[in-house]
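A.B. asks: This is what each chain is made of:
Protein chains: 4
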Amino acid sequence: MEQTLRVCVFGSTGYTAQELLRVLQRHPHVNIVSLVSSSSASRKLAEVLPQFCGSPLGDKTLEEEPSEDFDLAFLCLPHEASLEEVPKLIQRGKKVIDLSGAYRLKSPNLYQEFYNFTHAHPEILQKAVYGLPEAFRDEIKKADLVANPGCYPTATLLAILPLLKEGLIEGRIVVHALSGVSGAGRKLRQHFHYPEMEGDFFPYSVEKHRHTPEMEEVIYEISGKSIKVRFTPTVVPSVRGMVSTVYFDLKEDTDLQSLFEDFYREEPFVKVLSAPPHPKWVLGTNMCLLYPFYDAKAETGVVISAIDNLGKGASQQAVQNMNLMFGFEETTALERVPLIP
Amino acid sequence: MEQTLRVCVFGSTGYTAQELLRVLQRHPHVNIVSLVSSSSASRKLAEVLPQFCGSPLGDKTLEEEPSEDFDLAFLCLPHEASLEEVPKLIQRGKKVIDLSGAYRLKSPNLYQEFYNFTHAHPEILQKAVYGLPEAFRDEIKKADLVANPGCYPTATLLAILPLLKEGLIEGRIVVHALSGVSGAGRKLRQHFHYPEMEGDFFPYSVEKHRHTPEMEEVIYEISGKSIKVRFTPTVVPSVRGMVSTVYFDLKEDTDLQSLFEDFYREEPFVKVLSAPPHPKWVLGTNMCLLYPFYDAKAETGVVISAIDNLGKGASQQAVQNMNLMFGFEETTALERVPLIP
Amino acid sequence: MEQTLRVCVFGSTGYTAQELLRVLQRHPHVNIVSLVSSSSASRKLAEVLPQFCGSPLGDKTLEEEPSEDFDLAFLCLPHEASLEEVPKLIQRGKKVIDLSGAYRLKSPNLYQEFYNFTHAHPEILQKAVYGLPEAFRDEIKKADLVANPGCYPTATLLAILPLLKEGLIEGRIVVHALSGVSGAGRKLRQHFHYPEMEGDFFPYSVEKHRHTPEMEEVIYEISGKSIKVRFTPTVVPSVRGMVSTVYFDLKEDTDLQSLFEDFYREEPFVKVLSAPPHPKWVLGTNMCLLYPFYDAKAETGVVISAIDNLGKGASQQAVQNMNLMFGFEETTALERVPLIP
Amino acid sequence: MEQTLRVCVFGSTGYTAQELLRVLQRHPHVNIVSLVSSSSASRKLAEVLPQFCGSPLGDKTLEEEPSEDFDLAFLCLPHEASLEEVPKLIQRGKKVIDLSGAYRLKSPNLYQEFYNFTHAHPEILQKAVYGLPEAFRDEIKKADLVANPGCYPTATLLAILPLLKEGLIEGRIVVHALSGVSGAGRKLRQHFHYPEMEGDFFPYSVEKHRHTPEMEEVIYEISGKSIKVRFTPTVVPSVRGMVSTVYFDLKEDTDLQSLFEDFYREEPFVKVLSAPPHPKWVLGTNMCLLYPFYDAKAETGVVISAIDNLGKGASQQAVQNMNLMFGFEETTALERVPLIP
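Chains as they are written, first to last, in our numbering: chain R, 1 to 341; chain D, 1 to 341; chain U, 1 to 341; chain Y, 1 to 341.
By construction, these hints were calculated from the structure, which means they are not laboratory data.
Incorrect hints may have been included.
Each pair may be met inside one copy or between any two copies, as identical chains are not told apart.
Derived lysine to any residue pairs resembling SDA-like cross-links, with alpha carbons at most 20 Å apart [said to hold, decoys possible]:
1. K60 x P268
2. K297 x E217
3. K106 x H209
4. K127 x D71
5. K225 x F136
6. K208 x S274
7. K251 x I227
8. K228 x F248
9. K208 x A275
10. K297 x E207
Put together the whole structure using the sequences plus the hints.
C.D. replies: Okay, structure coming up:
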């Protein structure tokens, strides 16, 4: 029998933490030893998040600091808090999966431009492994620190990974991506007040978004090419779900369908379809569904990609990374059948 | 190690079947041997329901008739189809859990009034056990045929069960219950076309609804009293979820909170709260959350009850019944932590 | 040609103000001379509320205090602010329509219990006219101060007005009412954050709500009877709309349909239907749709009432009151055809 | 005083007709003399569409054929029905505004490819004026037959009109456009059943859509250039609203903001913003909001355009065309302030 992994979750009340705890509480090899929350310390989990009232986890008390020893920390913290917490944990010999963006970019100077802080730990940045298993599985298995990818980059990179490997993309690409509102987190904002968000949908941060350099860096790491990403994130009136559509110049027809099917044949969480995927078909799962096709009249290649922004786009991918890091079956506790209808 | 149960699902493409298959496909003691569907026979499950594209179940072919032997049949059929199918299965020695209303009422003559058919099998009606475990657990364990309760009756009966046992209800009760649209099934109707249903919410079938006699009969069975139910079902613009509010005359204050907590202390899927429950706190689970209180000024007792209409209100309760019938741990494969946000 | 009325709106950025301005800007006899807003003073309206970017009103600057003289003030302020503002305006000889609850109750002592303040102006309270035209049209025409009714009381009182006049209601009534989220206003709250409110619906303030004494007082004023209201407000995932269902003991069948049709025959904004009304059929209008029926088995009378909580339930009713106070055609600028789909 | 125009609406129960009737019933110079509906003939309008129960129009009987003479016909019919109806009306000397696509394309042969029928009236096709007032106002004023533009082309063409006039677009453009579900009409489909559409959003008809040649033809007519459109329509879980984002190669920075503001300064229904527009800011109106900007890193020009697909995208634009054709003030009866919240 496999050993039990002692897990501590930092920042236990946000949306990524909620999804993470939902999955971890039924993982057969995980023991959630500590729930850390600065804002809700000393309250029981179910008091803060009543959805846990039916689970033993609901009776667990949130803590200012972890009171028990642990093997792995999940950080569901703001970027700035993760930036500071990671080095301390690494120094104490803990393994870390960081769901923030604090260790995703390799170029420290990009942090100033896109995150509004100077990155104080550039050496740790270089050791962090980007937690996209379909691209970096071997590195993740050996990693001490995994930077869990952003939701938009996950959907988008999986949409172009086979193309990058084949050298089919040159020049800039256009990425028009739609996200459910949960991607913006639990923090209240006027736009996301129910009476204002219902029936509305709109591009935002169209001139500058943190996920643009994240995508460009990983594209470079995989393909060796400096490909510019014209990125338009768009929020739609749905809680979860993400659809990323990628456009790229392609002069000649290529059998994209076969290319993608061959590339992803062995991947447990990626499926290539022959029609546009719906995010509802992956709700609550770790799946990514892809549909590539060629528009011959407009000489444009197009790939449409659908994930659950909190599933494959965040917390379930984090658990997939955990499974890889600790030698568990990669699919353990992860879902492939969505909650439908 | 426990044996594997061979299960056949009849009517495999409706909403209750979709939820049932989602739960059964991860049940450790279940082998889904046949998926029967008259409308989609010979197509693969994932062709009809693309959400199963990530699961091995998606490759299974739907059949006109079950091609393999099985131990238990779940019927996710229209009432009329269940009416005819059940006797055949019983005669062949199969155990049956029927999710339709065809075997829920004990009085055959009520079928004419509320279901528009003459019940041809009154003797089987008498043998059917009403599958509400919190009221009839022992009977369910020994049953060959379980009539799985309606969603409104499940939410409502759990809201008044302790009161019925204590004899606290006399005269008529008012039940005002809200349901997500999935309760009306997968069949298309103008009212439920997205552009008409978004932003709308309305009582329907207010003069006559099938669940009224179902509630009245079970109330009588439990309490021995003929209590009339004034029932107002109301559809709200949500996919899932159900909230039933029950009003009853109560002259004196009673400690409803203690009564309910004592009554449900050992139940794995019922939780008594100290504030109104939200259906979102049980989304995708088999939980029922209750909040009883007394309005002293209006001399009215009130209980608010929340379930997932497709979870505890249908398919997960069906699996709970299966677990009881076959001696599995009652909570196996059932969820208590919802998909939130 | 009729004269132009100079109007000042206090509290110009909340939801009732937004709806009020939408209607007033096309009223042929109204000139909006001042928009007062303490929170957004000196900004242009369209900067704060971009939906006014296509209207000349969008260029108007919000003010700390009204800079021009006016004939009528609409108060879209918090209760406490209205409480203080009204006496000053009355003293200056202005007519006032107050959309808050500060002058709706006749018993000053109820304010302590339900509004958490001591009412400092009980004499003005007695002069305020409750702005429900179908009950108090003549008084409204002569009023200096109109207390515009709450949304729940509007829907509920219109549902029972004919019954009260006929003396058909005795004892307590049960009011189960559903409201869109806009009824809770523009202020951010965790419950109403889009990812939490979508797919959720729940009773709230079930033990104590400000609209309970408002309904009980007006019922007494109309019928001379002390009828207790068991009131359960419930929020549903919709922006607008309200459905109130009223239950009352009724031993004998009465032709409720004829009673209601006769009673409301001349009312321009009330229509009696022969089936449950949908709130979407009144979206953006000043209409109230009613459906009364008798449940003979349960010996219960039931009336279902639908309004737009911001239309007849707030701002359009306020304009109806204005039309009455100033001798304009009662229906001027008010809508009877909703925005559908 | 202006004369009254006698109007007949063909196809009176679909969504474009519903919006059209809502606007026409308050137009001061319009008399709706006939409502033609083959599917609901001899029923009263309010029986079929209960939202008209508060309006005198609700009592009007739907007819198989118009029983009274009229000056102008609005066709809210399927393409095939419009195809046949238009020539008959033209021959009888009636003016026609056709909301279908039957007379939008100039090349008859495109109909075979995109509409699956042979166009039997190519000569009438040449006489039809494309009803986009911002591009063809003078022609509309003199037209006998106006082909009212599609919703996607309206949003998209307004987004590029200034660029086309300046010759700033070469090569292909990428159009990624989002639409509320009402754009797909009133006809029931499984995808648009509420329990399936809530929480879902997905590209559709990505390889071939009727609006692609419509856009390409009008672009050619305006600019004289054959610009290919890579078009991805996407449906989002909202009733109304449309956001079109257009991407085009642009090597050098241009002051797009000034260009657009100058171009649209005198237009009553177009407004240029300095941030991405929200479709909710135009709900129920005839407005189009635009935001153009330049992505210097990716050397891409971007314009974001928002309309109400049933307002400026269909029925209100049709009324704008009517106002132009008959010499009424262009803005009569049209809205610029949306229903918010």
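A.B. asks: Next, verify each hint and record whether it holds.
C.D. replies: A quick look at each hint next to the structure:
{"no.": "1", "hint": "K60 x P268", "verdict": "between (33 Å within a copy, 18 Å between copies)"}
{"no.": "2", "hint": "K297 x E217", "verdict": "between (31 Å within a copy, 14 Å between copies)"}
{"no.": "3", "hint": "K106 x H209", "verdict": "within (17 Å within a copy, 42 Å between copies)"}
{"no.": "4", "hint": "K127 x D71", "verdict": "within (19 Å within a copy, 55 Å between copies)"}
{"no.": "5", "hint": "K225 x F136", "verdict": "within (18 Å within a copy, 46 Å between copies)"}
{"no.": "6", "hint": "K208 x S274", "verdict": "between (33 Å within a copy, 15 Å between copies)"}
{"no.": "7", "hint": "K251 x I227", "verdict": "both (17 Å within a copy, 16 Å between copies)"}
{"no.": "8", "hint": "K228 x F248", "verdict": "both (11 Å within a copy, 14 Å between copies)"}
{"no.": "9", "hint": "K208 x A275", "verdict": "between (31 Å within a copy, 13 Å between copies)"}
{"no.": "10", "hint": "K297 x E207", "verdict": "between (29 Å within a copy, 10 Å between copies)"}
When the structure is compared with the earlier hints, no violation turns up for any of them.
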